[in-house]
Amino acid sequence: MNILNVIKCLKLFLISGFFFLYLPLNAQEELGVYEKLDQYIEDSIVFTDENFQKVNIREAIKMPTIISMVYYECPGICTPLMNGLVEVINKSDLVLNKDYQVFTISFSHAEKTVLAQNKKKTYANLIKKGDPQNGWRFFTGDSLTIDRFLDNIGYQVKQEGAEYIHPATLLIVSPEGKITRYLHGTYFLPFDLKMAIVEAGLEKSGPTVNKVLNFCFSYDAEGKKYVFNATKVSGIVILMAALGLLSFLITSGRKNRKPKLY
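The C-terminal position of the sequence shown is numbered 262 in my numbering, with every residue numbered one higher than the one before it.
Simulated from the structure, these hints should not be mistaken for lab results. Some hints here could point you the wrong way.
[As the list claims (entries may be wrong)] Straight-line alpha carbon distances no greater than 30 angstroms define the calculated DSSO-like cross-link-like pairs of lysine-lysine that follow:
hint, residue 1, residue 2
1, Lys36, Lys62
2, Lys98, Lys54
3, Lys158, Lys178
4, Lys112, Lys129
5, Lys204, Lys112
6, Lys36, Lys178
7, Lys194, Lys98
8, Lys98, Lys36
9, Lys128, Lys204
[To be verified] Listed next, with one range per pair, are the computed distances between beta-carbon atoms:
hint, residue 1, residue 2, range
10, Leu243, Glu163, 19 to 25 angstroms
11, Ala110, Val198, 34 to 40 angstroms
12, Gln156, Asp131, 30 to 36 angstroms
Where is the CB? At the ideal position from N, CA and C, for every residue including glycine.
Could you put together the complete structure from these sequences and hints?
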């Protein structure tokens with residue numbers, strides 16, 4: 001087969017591969033996190049804390065703040081997210097309520113303050129350093145407030161019956177209320193958290209470095225877990241293999257066209 005024909009076929013294959021890869025990405029745009037780095041938390045959003053007090057979230061941010069969005073009766077990814085947060089708090093050399101604080105906010109308007117109180121007791125007892133009683137607060141709110149806040153931070157969820165499909169993500173917010181970092185997943189390295197908090201203290205934002213993990217894994221609502229996204233990864237592998245083969249054929253063709261010396 002003529003090498004030019006092979007190259008033409010590979011070009012068509014690559015175009016098809018990009019289209020194949022784009023479809024599953026575009027199909028999931030309704031859910032997930034749309035990062036709004038450098039935007040500020042609105043100054044008129046009020047939630048209720050575990051002590052039944054109305055709290056203006058923007059005004060309550062007095063230091064670098066981690067925000068975890070969950071719903072307290074979640075049977076799936078929320079528990080691993082919260083456990084991952086506890087683990088990194090205990091491993092970090094930063095001190096809770098001295099170097100940073102944590103806000104956990106329910107995005108289910110059906111969940112009330114008593115449930116937030118119970119969750120606070122559970123997780124405060126797991127913290128081995130710092131001051132979780134004052135440094136980790138739990139909030140609930142009405143549907144309008146929740147929707148405004150989710151839109152403010154770029155966090156999209158979908159309710160299915162009594163449950164929600166949602167991403168697992170931590171937000172890092174500066175003392176001035178600016179969104180400076182998103183940490184995706186359920187496992188967090190102490191170094192990543194420290195850098196995010198230090199940069200937030202300096203009002204500096206940073207890019208998300210673990211988007212590949214979020215890209216390769218999708219949340220399985222029925223299995224209540226993250227699963228390997230074979231479709232997306234297969235598309236990438238196919239495209240990389242095709243590009244490698246194309247490069248090899250072009251190089252080989254150039255070598256074959258060199259004039260022979262007698």
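Hint check results:
1. Proposed proximity of Lys36 and Lys62 is supported: the alpha carbons are some 20 angstroms apart, at most 30 angstroms.
2. Of the pairs offered as hints, the one joining Lys98 and Lys54 holds, with about 23 angstroms between alpha carbons and a cut-off of 30 angstroms not exceeded.
3. Only pairs whose Cα atoms come within 30 angstroms are accepted, and Lys158 paired with Lys178 is accepted, the gap being roughly 26 angstroms.
4. Between the alpha carbons of Lys112 and Lys129 the distance comes to roughly 28 angstroms, so the proposed pair stays at or under 30 angstroms and holds.
5. A threshold of 30 angstroms between alpha carbons decides the hint, and for Lys204 with Lys112 the separation of about 35 angstroms lies outside it, so the pair is violated.
6. In summary, the hint linking Lys36 to Lys178 is supported, as the alpha carbons are separated by about 9 angstroms, within the 30 angstroms threshold.
7. Our distance criterion of 30 angstroms between C-alpha atoms is met by Lys194 and Lys98, whose separation comes to about 13 angstroms.
8. Distance hint between Lys98 and Lys36 is fulfilled; the C-alpha atoms sit about 26 angstroms from each other, no more than 30 angstroms.
9. For a cut-off of 30 angstroms, the pair hint linking Lys128 to Lys204 stands: about 29 angstroms separates their Cα positions.
10. For the pair Leu243 and Glu163, the beta carbons lie near 41 angstroms from each other, so the given range of 19 to 25 angstroms is not met.
11. For Ala110 and Val198, the Cβ-Cβ distance of about 37 angstroms falls inside the hinted range of 34 to 40 angstroms, so the restraint holds.
12. Evaluation of the 30 to 36 angstroms hint for Gln156 and Asp131 yields a pass: the beta carbon distance comes to about 33 angstroms.
Hints 5 and 10, counting from the list given before, are not met by this structure.
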